[in-house]
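Q: Numbering (our numbering) for the sequence shown: 591 to 737.
The hints are simulated quantities; they were obtained by calculation from the structure and are not laboratory data. Treat each hint with caution, since some may be false.
Listed below are the simulated DSBU-like cross-link pairs for lysine-lysine, each with C-alpha atoms no more than 30 Å apart in a straight line [claimed, not checked]:
| hint | residue 1 | residue 2 |
| --- | --- | --- |
| 1 | Lys-596 | Lys-715 |
| 2 | Lys-608 | Lys-711 |
| 3 | Lys-715 | Lys-608 |
| 4 | Lys-711 | Lys-618 |
| 5 | Lys-711 | Lys-596 |
| 6 | Lys-715 | Lys-618 |
| 7 | Lys-618 | Lys-608 |
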Amino acid sequence: MPANTKPIYPVNPNLSGKIIQVADTNLKAPVTNGVILATAGENGTRIDAITVRSLGANVATVLRIFWNDGTGIGESNFQLIHEVLLPATTAQTANVTGSDIILLPINFANDGRGVLPPALKSGQKLYISLGTTVASGYSVLFMGGDF
Numbered sequence: 591m592p593a594n595t596k597p598i599y600p601v602n603p604n605l606s607g608k609i610i611q612v613a614d615t616n617l618k619a620p621v622t623n624g625v626i627l628a629t630a631g632e633n634g635t636r637i638d639a640i641t642v643r644s645l646g647a648n649v650a651t652v653l654r655i656f657w658n659d660g661t662g663i664g665e666s667n668f669q670l671i672h673e674v675l676l677p678a679t680t681a682q683t684a685n686v687t688g689s690d691i692i693l694l695p696i697n698f699a700n701d702g703r704g705v706l707p708p709a710l711k712s713g714q715k716l717y718i719s720l721g722t723t724v725a726s727g728y729s730v731l732f733m734g735g736d737f
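Could you build all of it, start to finish, from the sequences and the hints given here?
A: Quick look at the structure:
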């Protein structure tokens, strides 16, 4: 089968945001308190970035990102693909509450800092979970495009 010789561009934006606050400590299948951050479109989805922002005072925790094959929610359907340390934050009224954490796909800038898969096949999903329940929560935004 010949490879694509022309660039493929997304047809529609795929943006979704979730607020996450309650821990799900399962490292194999985050189905108790983990949440679906993104679901790939009919022809697949390109991943551009995920941003994470504190919504106020929170203890330190870890954000876990899981790939799901889209066929079920058993342990065999998930892979833990990345963990991000989220430092403790303090609510602010006259200043920003922390700074965004930005996660990029593998080979995004060809600098070795990317951690996310570059695309999802139709029906595949990204789940997120926290290691520790926090007081104010985090806003997590997925940015990509459906082919």
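Q: Against the structure, test the hints numbered earlier, and report the numbers of the ones violated in rising order.
A: none
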